[in-house]
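A.B. asks: Residues per chain, in single letters:
Number of protein chains: 2
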Amino acid sequence: MESIKYVLPENRMPTAWYNVQADLPQPLPPVLHPGTGQPVGPDDLAPLFPMELIKQEVSTERYIDIPEEVQQVYRQWRPTPLFRARRLEQLLDTPARIYYKYEGVSPAGSHKPNTAVPQAFYNKQEGVNRLVTETGAGQWGSSLSMACAFFGMECQVFMVKVSYNQKPYRRALMETFGASVTASPSVNTQVGRMILDEHPDSPGSLGIAISEAVEVAAMSGGTTKYALGSVLNHVLMHQTIIGEEVLIQLELADDYPDIIVGCTGGGSNFAGIVLPFLREKFSGKRQTRIVAVEPAACPSLTRGLYAYDFGDTGKLTPLTKMHTLGHNFVPPGIHAGGLRYHGMAPIVSHLKELDVIEARAEPQLRCFEAGMMFAKAEGIIPAPEANHAVRGAIDEALRCREEGVSKAILFNLSGHGHFDMQAYIDYQAGKLQDYEYPQEEVAMALAGLPSVG
Amino acid sequence: MESIKYVLPENRMPTAWYNVQADLPQPLPPVLHPGTGQPVGPDDLAPLFPMELIKQEVSTERYIDIPEEVQQVYRQWRPTPLFRARRLEQLLDTPARIYYKYEGVSPAGSHKPNTAVPQAFYNKQEGVNRLVTETGAGQWGSSLSMACAFFGMECQVFMVKVSYNQKPYRRALMETFGASVTASPSVNTQVGRMILDEHPDSPGSLGIAISEAVEVAAMSGGTTKYALGSVLNHVLMHQTIIGEEVLIQLELADDYPDIIVGCTGGGSNFAGIVLPFLREKFSGKRQTRIVAVEPAACPSLTRGLYAYDFGDTGKLTPLTKMHTLGHNFVPPGIHAGGLRYHGMAPIVSHLKELDVIEARAEPQLRCFEAGMMFAKAEGIIPAPEANHAVRGAIDEALRCREEGVSKAILFNLSGHGHFDMQAYIDYQAGKLQDYEYPQEEVAMALAGLPSVG
Chain A
8 MESIKYVLPE
18 NRMPTAWYNV
28 QADLPQPLPP
38 VLHPGTGQPV
48 GPDDLAPLFP
58 MELIKQEVST
68 ERYIDIPEEV
78 QQVYRQWRPT
88 PLFRARRLEQ
98 LLDTPARIYY
108 KYEGVSPAGS
118 HKPNTAVPQA
128 FYNKQEGVNR
138 LVTETGAGQW
148 GSSLSMACAF
158 FGMECQVFMV
168 KVSYNQKPYR
178 RALMETFGAS
188 VTASPSVNTQ
198 VGRMILDEHP
208 DSPGSLGIAI
218 SEAVEVAAMS
228 GGTTKYALGS
238 VLNHVLMHQT
248 IIGEEVLIQL
258 ELADDYPDII
268 VGCTGGGSNF
278 AGIVLPFLRE
288 KFSGKRQTRI
298 VAVEPAACPS
308 LTRGLYAYDF
318 GDTGKLTPLT
328 KMHTLGHNFV
338 PPGIHAGGLR
348 YHGMAPIVSH
358 LKELDVIEAR
368 AEPQLRCFEA
378 GMMFAKAEGI
388 IPAPEANHAV
398 RGAIDEALRC
408 REEGVSKAIL
418 FNLSGHGHFD
428 MQAYIDYQAG
438 KLQDYEYPQE
448 EVAMALAGLP
458 SVG
Chain B
8 MESIKYVLPE
18 NRMPTAWYNV
28 QADLPQPLPP
38 VLHPGTGQPV
48 GPDDLAPLFP
58 MELIKQEVST
68 ERYIDIPEEV
78 QQVYRQWRPT
88 PLFRARRLEQ
98 LLDTPARIYY
108 KYEGVSPAGS
118 HKPNTAVPQA
128 FYNKQEGVNR
138 LVTETGAGQW
148 GSSLSMACAF
158 FGMECQVFMV
168 KVSYNQKPYR
178 RALMETFGAS
188 VTASPSVNTQ
198 VGRMILDEHP
208 DSPGSLGIAI
218 SEAVEVAAMS
228 GGTTKYALGS
238 VLNHVLMHQT
248 IIGEEVLIQL
258 ELADDYPDII
268 VGCTGGGSNF
278 AGIVLPFLRE
288 KFSGKRQTRI
298 VAVEPAACPS
308 LTRGLYAYDF
318 GDTGKLTPLT
328 KMHTLGHNFV
338 PPGIHAGGLR
348 YHGMAPIVSH
358 LKELDVIEAR
368 AEPQLRCFEA
378 GMMFAKAEGI
388 IPAPEANHAV
398 RGAIDEALRC
408 REEGVSKAIL
418 FNLSGHGHFD
428 MQAYIDYQAG
438 KLQDYEYPQE
448 EVAMALAGLP
458 SVG
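The listed protein sequences derive, respectively, from chains A and B.
For the first sequence, my numbering assigns the number 8 to the initial residue and increments by one for each residue that follows.
For the second sequence, my numbering assigns the number 8 to the initial residue and increments by one for each residue that follows.
Bear in mind the hints are in silico, worked out from the structure with no lab data behind them.
Mixed in with the good hints, there may be bad ones.
Pairs involving identical chains hold if they fit within one copy or between any two copies, as the list cannot separate such chains.
Keeping only pairs whose Cα atoms sit at most 30 Å apart, straight-line, the calculated BS3-like set for lysine-lysine is [as the list claims (entries may be wrong)]: (1) 383 - 438; (2) 12 - 131; (3) 383 - 168; (4) 383 - 131; (5) 12 - 322; (6) 438 - 168; (7) 62 - 322; (8) 168 - 131; (9) 288 - 414; (10) 438 - 414; (11) 131 - 292; (12) 12 - 292; (13) 131 - 62; (14) 292 - 438; (15) 322 - 168; (16) 322 - 131; (17) 288 - 131; (18) 328 - 288; (19) 438 - 131.
Based on the sequences and whatever the hints tell you, model everything.
C.D. replies: Okay, here's the thing in structure tokens:
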């Protein structure tokens with residue numbers, strides 16, 4: 008019994024992104040200025056982002072056309088394949104039909120180029136030749152580095168220090184694409200110096216690295232703009248090409264998911280596969296259970312507070328309403344994978360509050376166990392992040408076996424683990440441990456939230 | 008200007024491999040038994056290979072059908088894309104049209120699964136449940152491990168010791184697929200113990216690892232068979248799916264190559280893209296220059312002797328006529344990439360003797376320079392092996408610029424470099440050096456060739 012690939016002809020690749028803001032049952036809470044507590048306007052964001060992305064961030068148009076130049080780059084690896092994982096089904100002895108969308112076929116190895124490419128493009132179009140960003144595990148940094156190389160732009164990446172030291176190969180990938188990579192916290196920024204003064208041994212965090220990148224952009228006088236790889240509305244929207252493709256591919260397979268599973272860090276790959284199916288759900292056409300799986304070590308959706316918070320540790324960003332573990336959150340060193348951000352995308356948070364989606368947190372050992380099963384069955388080594396989605400899908404498939412029902416389970420395999428083999432070595436050597444974020448620490452971190460909103 | 012992908016619909020995937028033995032202007036010299044000096048028969052090979060592969064090895068049928076079970080597995084990543092590298096053309100400012108076939112989209116990251124899958128299949132079909140092999144850089148070992156996992160077979164891999172120590176991630180990949188991996192030379196075999204007695208610090212070589220794997224198969228009483236990832240006729244034939252796909256894809260592109268470039272180690276990826284074009288050449292239909300590029304540190308085609316030699320250091324294999332650096336050859340430690348085998352595939356050697364193909368040797372620094380250019384332009388990090396093909400293609404494109412002619416240049420990008428980032432780090436840090444195999448050493452190694460044939 009062999010796994011089946013559903014190929015989408017290139018001429019059926021979607022030519023527009025889907026903007027869920029057009030269809031939300033209730034609108035998103037506004038983004039607030041931390042000083043005034045008032046909603047931010049385009050001018051507040053103009054130092055950081057090109058105007059086209061600022062417009063997309065607040066647009067309520069249902070579809071936004073993908074520029075032809077972006078489509079051309081997408082076509083290097085898109086449409087990505089959808090697979091029916093029949094060998095995995097056989098291994099699990101389940102009556103479930105398991106489908107996975109594989110985003111690891113992009114040159115950077117994950118879904119991140121779906122937004123890196125348009126972000127670079129819109130900046131370039133508005134005359135910006137230099138981007139600055141942060142990266143944790145490195146998926147985002149390598150994707151933006153690649154996009155910048157394609158459009159002949161410079162790229163600077165602040166890489167969370169613990170990853171910078173543990174993942175020299177991800178760093179090498181970015182440098183091969185021509186980016187300059189700095190360990191964060193660094194002495195290059197005011198924020199970095201402040202943090203190093205207080206915590207000279209700080210391992211860094213996404214929150215800190217974002218502060219450094221935002222500061223560089225804000226101080227550049229417009230020559231350098233900032234790019235974020237998740238969380239923001241326009242980023243999630245760029246990822247909807249994933250789900251739009253799957254909708255057509257499942258038509259070819261003559262099937263429709265009863266359950267969709269995605270892993271969540273900032274929320275972009277999850278939203279990318281899920282939002283187009285929500286359009287169907289909101290319109291009452293078809294119903295699907297939607298499950299977000301996050302790490303127990305960074306449980307923003309399941310244990311964070313739904314509140315206004317900063318997007319970064321240095322409090323340089325506006326305030327957004329989201330599930331948050333507090334902007335000072337630093338994930339534990341023993342957590343091997345990505346998905347380490349303190350907050351969750353406002354759109355995903357909003358959907359959770361509206362009970363449109365479910366969420367659960369999984370410890371990392373169960374996730375690696377699932378990833379190993381998947382690798383043996385399907386031949387693809389998932390990124391540790393994606394293992395959370397694999398775990399969720401396998402658990403649903405096992406439940407189908409217990410209940411003796413055949414459901415269609417769809418999940419997003421957001422990237423491969425070729426640059427994360429150390430985590431697999433550690434797992435197989437019994438060196439990884441589970442970690443649950445202690446309730447007292449959650450409470451303490453949340454005590455520091457801003458009082459606005 | 009964007010690069011263009013030529014997609015081949017799945018239903019146009021070739022269903023037969025091409026056997027060049029049907030069309031060779033002169034037949035291949037026979038494989039000889041080292042004891043008798045007489046041609047070997049099927050019975051001599053039966054302890055090592057399943058009968059179907061032994062038949063394929065000597066077949067003169069023009070086409071051999073790809074079993075449906077193998078096609079099903081192929082379809083997970085095949086047909087692989089053919090790209091027109093327009094961003095690279097732009098970077099080089101060349102009038103040349105550069106095409107590359109990308110085999111790195113396979114789950115194991117190279118062309119090697121094209122033969123690993125049928126080899127596992129034919130063995131399984133004949134009741135064999137365990138395969139043993141060798142690997143150098145790890146491309147072949149991880150591909151066979153994956154194929155064995157797909158067919159529910161055990162896999163043991165002797166990995167050249169220097170790679171075993173330098174490439175823990177490749178090893179982890181094989182182990183994740185369920186294989187057992189042993190550093191070679193090992194104490195597990197008589198050959199390994201002999202070599203360790205004489206050279207306790209031996210870094211290993213492909214020749215030694217082959218001896219160990221062959222010994223394990225030969226002593227197993229038929230429970231374990233041996234699998235080789237290159238060199239043999241049936242292996243090269245399995246790879247012809249590459250070139251067969253390209254022929255159709257170039258029809259879609261309405262173009263035909265003036266020059267084809269491939270990198271050569273054992274010769275299988277080179278043969279895979281080249282042989283179907285040779286069919287066209289032999290039939291007089293169309294002419295194409297064909298260029299093999301090998302490492303200056305392991306220059307079998309350009310500086311080896313065309314003579315009968317053993318395939319392994321321990322002299323356990325039959326004798327084949329090929330370009331060889333001598334079966335005791337150990338490549339220099341400073342050579343970063345694969346392509347380290349002492350011999351060249353008999354078919355490729357034969358074609359070189361017949362002046363059907365050209366060959367050149369390139370030092371590694373020029374190859375990494377080419378790989379870096381390619382990565383920035385096209386977003387894909389080539390395996391160090393594939394960088395030799397990239398170098399060859401870029402040099403031909405630069406010559407087109409000098410001469411002001413627009414030629415079509417096709418090359419095989421045989422795999423990605425995700426597991427080889429240390430070599431890119433070393434290159435960028437200026438730590439790699441060139442090495443040319445000294446003429447005296449060549450002469451000395453060749454003095455030890457067997458006298459038969």
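A.B. asks: Provide an ascending list of the numbers of those earlier hints which the structure does not satisfy.
C.D. replies: 5, 10, 11, 14, 17 and 19
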